[in-house]
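Since each chain comes alone in its own frame, lean on the hints to assemble the complex.
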Amino acid sequence: MGDSLIHARGLVKRFGDFTAVDGIDVDVRRGEAFGFLGPNGAGKSSTMRMIGCVSPPTGGVLEILGMDPRRDGPKIRGKLGVCPQLDNLDIELTVRENLTTYARFFGIPRKEARRRADELLEFVQLSERADSKVEPLSGGMKRRLTIARAMVNQPEMVLLDEPTTGLDPQARHLVWERLFRLKQQGVTLVLTTHYMDEAEQLCDRLVVMDGGRIVAEGSPRALIEQYSTREVVELRFNTEDQSAYAEKLAGIGERLEVLPDRILLYVADGDDATDEVNRRSLGPASVLVRRSSLEDVFLHLTGRTLVD
Amino acid sequence: MVTLVMPRLLAFEGTPRRAASVTERNISTLRSAYWVVMVSGFLEPVLYLFSIGVGVGALIGDITLPGGEVVGYAEFVAPAMLAASAMTGALAETTFNFFGKMKFVRLYEGILATPVRPIEIALGELAWAMVRGVIYSAAFVVIMTLMGLTTWSRALAMLPATLLVGLAFGALGMAVATIIRSWQDFDLIAAGQFALFLFSGTFVPPTAYPEVVRWLIEATPLYRSVDLIRALSTGTTGWVQLLDVAYLMALVALGLTVAGRRMEKQLCK
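Quick note, the sequences are listed as chains A and B, same order.
Quick note: the first sequence, position 79, residue 79 per the numbering used here, numbers continuous.
Quick note: the second sequence, position 160, residue 468 per the numbering used here, numbers continuous.
Since the hints were made in silico from the structure, they are not lab data.
Please note: incorrect hints may appear among the correct ones.
Derived, one-sided and incomplete: chain A residues facing chain B with beta-carbon distance under 10 Å [to be verified]:
| # | residue |
| --- | --- |
| 1 | 15 |
| 2 | 55 |
| 3 | 59 |
| 4 | 74 |
| 5 | 77 |
| 6 | 84 |
| 7 | 91 |
| 8 | 159 |
| 9 | 227 |
| 10 | 259 |
Yeah, the Cβ is synthetic: ideal placement off N, Cα and C, and Gly gets one too.
Just chain B, same shape as in the assembly (with noise of 0.2 Å):
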């Protein structure tokens, strides 16, 4: 159904159209596997929430948020897993994927002998990647209403907030798979990633540390996205929620800067 409505939808011209082909040509390639992947990456938050937010939190109990409101343990969890699945999912596509496509099969190669430009393959691929999140998300944030901890007005309001999540780990990846050199390199994302998933104040708030350690924290993308989640699924939004909507911007901005020029620097030397 995306093949056809897509076209309708794109009946615009230059960029916009550009990095909408470059979309259209990885939907192209969705072949029943695809779902094997798409099945994978959904289960894990669930599993997490499953296993910690309900198991371990019955142990644990409630616990007290920042602007004092008391929550079950479940309800902590869940936004936390809802943008940490947000962001597996944009850096899944956008580092391992997207590296590959850059440096072994030489797909870009190809699309830049035509009209195409460097900067709307990262926007294309960017968008690419979201469709997929999305979809994740949405399932996610579906399971967490039915289990009581949120509310349905609050999971829409939650569905944006993960886009522009996915967007700014799209971002910071593909600027990330422009600088790294080998396959190896992976593991360092990937362990960079656990530690991110660990601390981001997903299972305990950061104010469990000492202040340093929560400073850093606080700093962190995936805290700021964790804190702008937790406050809509909760229905505790502040003024410092602004301030994670432009952290998470400029992060999209910053990323998409870096792998535009890296691109351009690599593949039109």
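Okay, chain A solo, but in the shape it has when bound (with noise of 0.2 Å):
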């Protein structure tokens, strides 16, 4: 086990009849960015929560920074920082006393808390709306405010429970760069998504999730050189029902799959396969040519896509 932060093994949860996480087995390692990735509903909030000892496990084996969450949850939660999916900043409170205000919580004196909300403040660019309520601030500042109250207790490992959905894309960078900075100090990030760029982007491992269980574990790349080709071809037609072109497209490439929209072909090598889309004069409306992705993964192994 070693250095393991998080080691679960057949975990599970059930509300009531109701089986949101199906036995899981997880290893997270110290400074490690680490992601579940999966649809809605897929049991990674079930797992994030649990993980951060706010919700106690049904059944299999749990134990966060080495401790048993039914036993050590305060001493655990201690040492960790949790950025929900839905913001619960304090709305009576200003930006800065969100963070000294917090740092109370963890039982750190009052002119250390201040000292690390103005440093915490400047990491995430709030300094200037120290002073202002929570409420006016935007999607994105409310996010980072978050993210930099999760830092408030120098916490060994960082929960993010979706840390970009609902903002813009400019916001979803910033935010980005500022996770890639904390991982680049050493911090222990666990993220769950339903973005596969944003997976890309931080994770350095991860898990793919898909009713409540696990489907696939690896690297970013691993994942997509282990179940993807190199390359997908889009093609569009003018038509209500894509499948009628599937036949006619037998024998392209390794793969195919038909979405209500178009059609992907998992090729080697998009320029070949494009050229034989041509030669058999099928007239798509569109075409496009990119690498394999995580999207790619998950459509393989559940036959879903990620985002409906």
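Written out as structure tokens, the structure is:
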């Protein structure tokens, strides 16, 4: 096990008859950025809440920082930073007070809390808004403040539940850039996401979850190599039913997926495949050649797309 | 001043320290607008005391206490108003505000991601409600003494009693807040609170009612509170006040246990 910050074996979470997490094995090592990738309802948030010691596991083994969440909850939570999916900042307090007050929940002395608050506001580029209330902040600013708040106890591990969901592209890049800096500083990051680009940008290693189970595990690159081809050709045809063209494309590349609005051809060389499509004169409305991504891995493993 | 003194008083670890950090959070939210709430909460019992205790009291004359002592009507009503205001102050903070924080602003979700546990949030909120309640009570006790309705030494003895009353109703209010589902339910709470206020031996001794009703009244928490504070105020304490104290302490324990458990169940699913 060594320096395993999260150690789970056969971890289960049930709510009544519904099984949200269905026996997963996870190990997260110190210093890595680890991701849970999956669509809504895959069990990512339930897993995160168990790791954050706010939701007791229904079954299986779970050790966080080498301790038992059922017994050492407060002690473990003292060493974690949590950035929840929905911001739960304190709307009655100012931006700075959100950090200083939160620090007090960890027993950090007042003076030290103030020092860290100023430092963290600097880090998330909110120093100018320190005395503003939380309400008028933009979504991206609120998320950055929540990330700063998660850092106030200098945690050994930071849990981020969909850190950029609901943010516009510019705000997302700013959040990613800050998270990347944390990673470089050696902070262990554990995040959930249903964005493949987020997982590819931030995660050293990830698990793909679907229906409460882990369906694949590895680095983004290894997963793509294992479950997909090098390139993908996306074809759109002017028709109600794309599948009518599936037969006509037979034999091109390794695999083919029919989506409601397009057909994906999994091939080693996109240009060669495009030439072959043209030779059969099928007349697609549009052709796009791109690299394989985690989206393709997910599609291959589950038969469904990540974001619907 | 409170924020400066508190950290030094709270140089301890574990549950008390974590509960205190929740109280401290509430103190940080104090803004000028809050004093309006404070003033209105203080005025209510004073207005009742003048209109009914003094005004109506002039028509009623004297009242005979259970032990046979005869007191003026204002002397009879004033301690009941003190008990009722301790109840109102504690309930306002622990029902309405607590419910909002738990269900709507998700404040506690954020706090529970830290070492603070649900029961510690409950304790911290209760302590906060007491800060407000004690300020009301102290002001009211001073008015009572200045009006000659009690003595300074008795007034001093009444303060810890009002604190106990506040703790009991605060804990009860928090337990209720974890059970109710919507804002509409607060109308029910308000109705119940008003019924308690009218009938708990506040304006009329329970002996004025038929036997069955009298027993019912004497079993209510506000009656036990009024009984305790009135005995202290009029200097007529006896064994029955030990029963009052035991009753209220049991209510504190029960309320906190229920609130802590239900918070855990709702917030730590």
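Against the structure, the hints come out as follows:
no. : hint : result
1   : 15   : holds, 7 Å
2   : 55   : holds, 6 Å
3   : 59   : violated, 16 Å
4   : 74   : holds, 4 Å
5   : 77   : holds, 5 Å
6   : 84   : holds, 7 Å
7   : 91   : holds, 6 Å
8   : 159  : holds, 9 Å
9   : 227  : violated, 34 Å
10  : 259  : violated, 36 Å
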